[in-house]
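J.: The primary structure of each chain is shown beneath.
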Amino acid sequence: MSEKVLTLRGVVKEFEGQTILDGIDLEVEKGEVVVIIGPSGCGKSTLLRCINALEPIQGGEILLQGSPVKAGDKNLPVLRQKIGMVFQSYDLFPHMTIMDNITLAPRKVHKRDKAEVEREAAELLSRVGLADKAKSFPRQLSGGQKQRVAIVRMLIMHPEILLFDEVTAALDPEMVREVLDVMLELAKQGRTMIIVTHEMAFARAVAHRMIFIDEGRIVEEGKPDEFFESPKTERARNFLNMFRFQPASRS
Amino acid sequence: MQALGLEVLFKGTNFIRLLGGLGVALKISLLAVLISIPAGILLGTLMTASNPVIRAILRLYLEVMRIMPQLVLLFLVFFGTTRALGWDLSGETSALIVFSLWGTAEMSDLVRGAIISIPKHQYESAAALCLTLPQTYYHIIFPQALRRLLPLSINLITRMIKTTSLILMIGVVEVIKVSQQIIEANRMSSPNAAFGVYLTVLLLYFAACFPISMLARFLEKRAEI
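Just so you know, the sequences run in chain order A and B.
2 is the number of the first residue of the first sequence in the working numbering; add one for each residue after it.
4 is the number of the first residue of the second sequence in the working numbering; add one for each residue after it.
Since the hints were derived computationally from the structure, they do not count as laboratory data.
Among the hints, erroneous ones may be present.
As the list claims (entries may be wrong) - List of simulated lysine-lysine pairs, DSS-like, C-alpha gap at most 30 Å:
#1 B/Lys224 to A/Lys134
#2 B/Lys14 to B/Lys180
#3 B/Lys123 to A/Lys75
#4 B/Lys123 to A/Lys115
#5 A/Lys233 to A/Lys83
#6 A/Lys83 to A/Lys31
#7 A/Lys112 to B/Lys180
#8 A/Lys31 to A/Lys112
#9 B/Lys123 to A/Lys134
#10 B/Lys180 to B/Lys30
#11 B/Lys123 to A/Lys109
#12 A/Lys83 to A/Lys115
#13 B/Lys224 to A/Lys136
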């Protein structure tokens, strides 16, 4: 029996009278890659934000290795160190160099030694192909490069679980690949990951388990091949069909 | 020379006195700025706080300071406190109080604007990296806000210097008051002195404010990155 990293039980999120998440149950095991898809506004991004306690929840519970994650809780800063998150809008700190962006949190939060953190940062940067960018500022980088830096910035905190919130959605198509390749590499290393994405081919390649959310509920989940080949529910079928095109008939 | 009335400037110590008057104006502005900037940063940060009571009080303070003409504030502090509270404030002290109160209000609004212009994502990224709120402000929010703030706060300094021309109304002998005295004293010998002296005052204000404006423009360019 493998170790549970994350457990969600009946998570409910309400916002201004609307129910965004309507009882989400989810268990993620160590080393598992879970990909969440669903129509926009279905609550998938909100779910990630709740797991990281950026949004308070109104019902249910979120357990990280058995400890409850709650917004405003005293324990939260310690728990959150185990959760890494990368956002859609590569939010590097614009006034800092790439190196400072990466080393700020380990130095200030973990009180690690500057030289030692910079060594690790340099190594991580070279692993994502950005060794020469350490002294650059975010504005000098392309979107794809910024997003790879954001991933490094998260990794250097040594999180137990990695959350990716539509990290390629704001990128030009030719830059999507370089970011997805980094994520595939992380999956191969056996990292525990939850990924929200619209890249279906990537989802199928990287996922151990697919989750389809609609209207704040998990409608269907399963192995990627089964899910993509023969979705069980009507709603998942309709959603997946939106990504398929019939060839235009030329008569 | 005669027609422009410039010759009075070279009589006795007149020009030195004008410079001295400008010095008084600059001294009050500078001191008021030194008080306004830290106080404005504190109040401006509090204005972004979630507590509605604090926000309402600060908003009221800002609006009162903005709506009241500076002259009324000067009279209120200089004459009003003497009558109502029995304080015997000098003109310069009153001026310093008024300019600090007004500068703090203006500064706080600039700070508030700079802070709320920082996207929410910056806070969330910092939170996701487990930085504490004070760390987030110190390392992420303030350095970015400061870049946007610098040119604006320098413009506030030039506005302050120009507004000090009002303080002659509460008996402070600053550059305009000195000008009036010189013109008055030379009414018979140089009837055109008003033109020459005020022209000189104009140039003095320009000499004081122009470098500051240039600095503001330079910083604005640099902040655009």
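J.: Hint by hint, which ones does this structure get wrong, listed from lowest number up?
T.: 5, 7
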